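Asks: What follows is each chain in one-letter form.
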Amino acid sequence: MTQSSNYYHDKITLRLVQFSVIWAVLAMTAGVYISAELVWPTIDFGQFWLSFGRLRPLHTNGVIFGFGVSALMATAFYSVQRTSHVPLFAPRLAWFCCYAWQLIVLLGGLSLLAGWNSSKEYAELEWPFDIAIAIVWVCFGIVFFGTIATRKIKPIYISNWFYGALIIVIAMLHIVNSLAMPVSIDKSYSLYAGAQDAVVQWWYGHNAVGFLLTGGFLGMIYYFLPKHAERPIWSYRLSVVAFWAFVYSYIWAGPHHLHYNSIPEWVQSLGMAMSVILLAPSWATMINGIMTVSTAWEKLRSDPALKFIVLSLAFYGLATFEGPMMSIRSVNVISHFTDWTIGHVHSGALGWNAMVTYGTFYFMIPRLVDRELYSVRLANIHFWLALAGTMLYVMAMWAAGVSQGLLWLSVDQIGELSFDFKDIMASMTPYYLLRLVAGLIFLGGTVLMAYNLYMTVRGRETARVTVPAVDPAYGVGA
Amino acid sequence: MNGLTIHRKIEEHTGLLIFGILIVSAIGGLVQLLPVLNQESLETATSNTRPYTAAQLTGRDIYIREGCSVCHSQQVRPLIAELERYGPYSRAGEFVYDRPFLWGSKRTGPDLHRLGGKYSDDWHRIHLLDPRAVVAESIMPAYPWLDKRSAKETGNITAKFIALRRLGHPYSDEDISGAEAELEGLTEMDALIAYLQVLGTGLSGEDEGAAL
Numbered sequence: 074m075t076q077s078s079n080y081y082h083d084k085i086t087l088r089l090v091q092f093s094v095i096w097a098v099l100a101m102t103a104g105v106y107i108s109a110e111l112v113w114p115t116i117d118f119g120q121f122w123l124s125f126g127r128l129r130p131l132h133t134n135g136v137i138f139g140f141g142v143s144a145l146m147a148t149a150f151y152s153v154q155r156t157s158h159v160p161l162f163a164p165r166l167a168w169f170c171c172y173a174w175q176l177i178v179l180l181g182g183l184s185l186l187a188g189w190n191s192s193k194e195y196a197e198l199e200w201p202f203d204i205a206i207a208i209v210w211v212c213f214g215i216v217f218f219g220t221i222a223t224r225k226i227k228p229i230y231i232s233n234w235f236y237g238a239l240i241i242v243i244a245m246l247h248i249v250n251s252l253a254m255p256v257s258i259d260k261s262y263s264l265y266a267g268a269q270d271a272v273v274q275w276w277y278g279h280n281a282v283g284f285l286l287t288g289g290f291l292g293m294i295y296y297f298l299p300k301h302a303e304r305p306i307w308s309y310r311l312s313v314v315a316f317w318a319f320v321y322s323y324i325w326a327g328p329h330h331l332h333y334n335s336i337p338e339w340v341q342s343l344g345m346a347m348s349v350i351l352l353a354p355s356w357a358t359m360i361n362g363i364m365t366v367s368t369a370w371e372k373l374r375s376d377p378a379l380k381f382i383v384l385s386l387a388f389y390g391l392a393t394f395e396g397p398m399m400s401i402r403s404v405n406v407i408s409h410f411t412d413w414t415i416g417h418v419h420s421g422a423l424g425w426n427a428m429v430t431y432g433t434f435y436f437m438i439p440r441l442v443d444r445e446l447y448s449v450r451l452a453n454i455h456f457w458l459a460l461a462g463t464m465l466y467v468m469a470m471w472a473a474g475v476s477q478g479l480l481w482l483s484v485d486q487i488g489e490l491s492f493d494f495k496d497i498m499a500s501m502t503p504y505y506l507l508r509l510v511a512g513l514i515f516l517g518g519t520v521l522m523a524y525n526l527y528m529t530v531r532g533r534e535t536a537r538v539t540v541p542a543v544d545p546a547y548g549v550g551a
Numbered sequence: 401m402n403g404l405t406i407h408r409k410i411e412e413h414t415g416l417l418i419f420g421i422l423i424v425s426a427i428g429g430l431v432q433l434l435p436v437l438n439q440e441s442l443e444t445a446t447s448n449t450r451p452y453t454a455a456q457l458t459g460r461d462i463y464i465r466e467g468c469s470v471c472h473s474q475q476v477r478p479l480i481a482e483l484e485r486y487g488p489y490s491r492a493g494e495f496v497y498d499r500p501f502l503w504g505s506k507r508t509g510p511d512l513h514r515l516g517g518k519y520s521d522d523w524h525r526i527h528l529l530d531p532r533a534v535v536a537e538s539i540m541p542a543y544p545w546l547d548k549r550s551a552k553e554t555g556n557i558t559a560k561f562i563a564l565r566r567l568g569h570p571y572s573d574e575d576i577s578g579a580e581a582e583l584e585g586l587t588e589m590d591a592l593i594a595y596l597q598v599l600g601t602g603l604s605g606e607d608e609g610a611a612l
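Sequence order for the protein chains is A and E. No gaps in the numbering here: position 314 of the first sequence is 387 in our numbering, and each next residue is one more. No gaps in the numbering here: position 136 of the second sequence is 536 in our numbering, and each next residue is one more.
Hints listed in this document are in silico derivations from the structure and should not be mistaken for laboratory results. Computed from a predicted structure; not experimentally measured. Treat the hints with caution; some may be incorrect.
To be clear about the criterion: a stretch of chain A counts as covered by chain E if any three or more of its residues have a C-beta under 8 angstroms from a C-beta of chain E, and this derived list gives those stretches [stated by the list, open to error]:
#1 114 to 124
#2 173 to 179
#3 223 to 229
#4 261 to 268
With a cut-off of at most 25 angstroms between alpha-carbon atoms, the simulated PhoX-like pairs for lysine-lysine come out as follows [said to hold, decoys possible]:
#5 A:372 x A:495
#6 A:225 x E:518
#7 E:409 x A:495
#8 E:518 x A:495
#9 E:409 x A:227
Here a beta-carbon is modelled for each residue, glycine too, at the ideal position from N, C-alpha and C.
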């Protein structure tokens with residue numbers, strides 16, 4: 074064994090966190106801007122690249138693939154080394170993943186502004202980017218599974234299963250859904266048409282949420298929550314059951330995005346039934362997490378990072394309850410096509426994904442540079458801003474969405490429509506304004522964190538962490 | 401061997417874990433996708449559904465480029481209020497030439513599937529250039545650049561027709577050789593309006609229960 078391989082490769086993690094924070098600020102700013110466009114529609118100033126239809130995919134792709142995936146790569150690389158007791162497999166390939174991914178997000182974002190758009194939700198990037206994504210993703214898999222394959226600890230820790238599921242299932246979804254006939258560099262036609270394309274797209278769309286925004290971030294929870302609470306996972310057996318139930322049942326849930334649409338009814342009903350079942354593995358994981366911190370509540374008083382992570386579990390529980398409810402056809406008839414969906418997505422994306430990531434960054438960054446967090450006070454302020462922003466956002470969208478759903482469907486005693494579409498639309502302005510304020514509050518908190526982390530890292534080198542000796546009871550040879 | 405022993409094998413073996421995840425996660429997709437992808441009725445056009453003309457296809461690609469489907473659905477659900485507001489509910493056979501589908505997931509603005517023929521071309525032109533000139537409450541963006549660009553700049557229409565024919569759309573050799581000429585003199589605005597006017601016109605009395 075050479076000298077250099079006795080240290081964990083943590084510089085990659087730090088760099089990925091830096092990119093992740095930059096994308097968070099940029100993509101959330103885009104989100105705030107388009108929410109303002111819904112209140113003042115002329116603030117695109119007739120510029121095509123400021124137009125709502127182009128900025129919206131920039132916002133979603135920036136958050137999911139810029140902020141989200143960079144954070145997932147960072148934490149996967151950090152935790153897989155520590156749970157395997159070996160440095161990263163193929164560190165150069167890991168560096169390639171890091172920078173190639175940022176290039177995809179940057180150029181992909183610009184291509185969306187230029188109007189290169191396949192229009193498939195959360196898969197808007199055109200075919201050249203789809204190929205690049207597939208290549209980087211395979212490299213990510215090689216680094217990750219290579220590290221596990223060369224591990225010194227016999228069992229593969231549970232967090233790695235979730236990261237593993239993220240890598241494998243997203244690859245499968247991405248490749249199948251992106252199959253298309255290229256016409257030119259900026260244009261392709263989907264291999265599937267009409268109703269069939271819809272079913273394939275929502276198989277992808279729902280499970281991008283499932284395996285990236287849920288599975289990947291659960292990997293984060295399973296490593297960082299016990300580490301932070303200094304308690305082992307409450308029930309390893311429950312995590313085993315919940316994992317396989319999660320991997321099996323999530324994939325069926327896509328068709329609940331197509332209730333009452335022109336696809337076979339059995340597909341809708343099956344999707345609905347499996348979505349309701351999905352509540353069980355989702356909550357099993359939440360309960361496992363909450364029980365893990367249950368003897369460490371006093372830490373919440375002094376530790377903003379743990380506060381973020383515990384709160385994220387609460388929002389995870391909320392969103393994974395709301396989702397199955399919205400997938401029931403008689404509820405979906407009201408919620409579908411409304412702002413309720415937008416609220417649901419954000420209770421997940423802000424309350425769950427962003428908060429667990431923020432908590433993890435506050436935990437990980439001081440350790441990466443071996444220096445205390447610059448300001449615990451700022452982190453506490455950030456916590457309350459994040460909570461207030463998320464709550465206001467979700468409540469505004471609940472009110473807007475339920476109103477839309479009910480008013481659209483309302484008919485009077487002789488069966489005539491009770492309301493004009495444009496009157497219902499016009500009545501949304503106060504909610505859209507509240508949502509804009511909510512977004513600004515949340516973005517403000519994120520900017521505070523960026524400053525706080527910058528001041529923590531400034532002038533510091535990544536700390537060198539030696540791979541510890543392996544307890545013989547758990548060693549590969551045991 | 402009980403369940404936990406089997407599982408211990410998986411959790412100590414990288415290859416088994418990868419294989420296990422792949423198999424378990426693939427089942428649901430196979431059960432749902434394979435029958436749907438092989439269901440002929442989902443690929444059978446309704447009586448008036450035709451492959452898009454050069455202008456309509458160009459218009460559709462502009463609709464995609466501008467992200468119209470972010471705020472407008474193209475899917476009328478079989479519900480009383482929707483039939484009254486928009487017209488007959490959407491049939492799978494009306495979308496067989498739609499690559500990709502554009503049903504959308506959000507109605508910030510109204511559904512557009514039955515838009516074809518509802519308003520004049522002039523109304524659409526004014527509306528796309530200045531939405532609030534015709535609908536005071538509108539929060540739709542304006543699209544002033546569509547009027548200034550030629551429909552030929554949107555993309556290579558001949559290559560598009562060839563690509564779609566490869567995917568099974570029934571374009572004849574004459575359709576393909578004449579595609580470029582059809583766009584002669586048209587702006588992107590004209591092409592987009594041509595697309596909007598053909599939306600939802602695929603049903604006729606020959607289709608079972610077409611009135612609904």
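Asks: Given the hint that residue 518 of chain E pairs with residue 495 of chain A, does the C-alpha gap stay at or below 25 angstroms?
Replies: holds, 16 angstroms
Asks: Is the Cα-Cα distance between residue 409 of chain E and residue 495 of chain A 25 angstroms or less?
Replies: Distance of about 61 angstroms is beyond 25 angstroms: violated.
Asks: For the segment 173 to 179 of chain A, do three or more residues have a beta carbon lying closer than 8 angstroms to a beta carbon of chain E?
Replies: violated (count 0)
Asks: Tell me if the straight-line CA distance from residue 225 of chain A to residue 518 of chain E falls inside 25 angstroms.
Replies: violated, 69 angstroms
Asks: With a cut-off of 8 angstroms between beta carbons, are at least three residues of the segment 261 to 268 of chain A near chain E?
Replies: holds (count 8)
Asks: Check whether the Cα positions of residue 372 of chain A and residue 495 of chain A lie no farther apart than 25 angstroms.
Replies: This hinted pair is violated, its Cα atoms lying about 51 angstroms apart.
Asks: Are three or more residues of the segment 114 to 124 of chain A within 8 angstroms, CB to CB, of chain E?
Replies: holds (count 6)
Asks: Taking a Cβ-Cβ distance under 8 angstroms as contact, does the segment 223 to 229 of chain A have three or more residues in contact with chain E?
Replies: holds (count 3)
Asks: For the pair we were handed, residue 409 of chain E and residue 227 of chain A, check the Cα-Cα distance against 25 angstroms.
Replies: Roughly 10 angstroms between the alpha carbons, so the hint for residue 409 of chain E and residue 227 of chain A holds.
Hint compliance for this structure: hints 2, 5, 6 and 7 are broken, all remaining hints hold.
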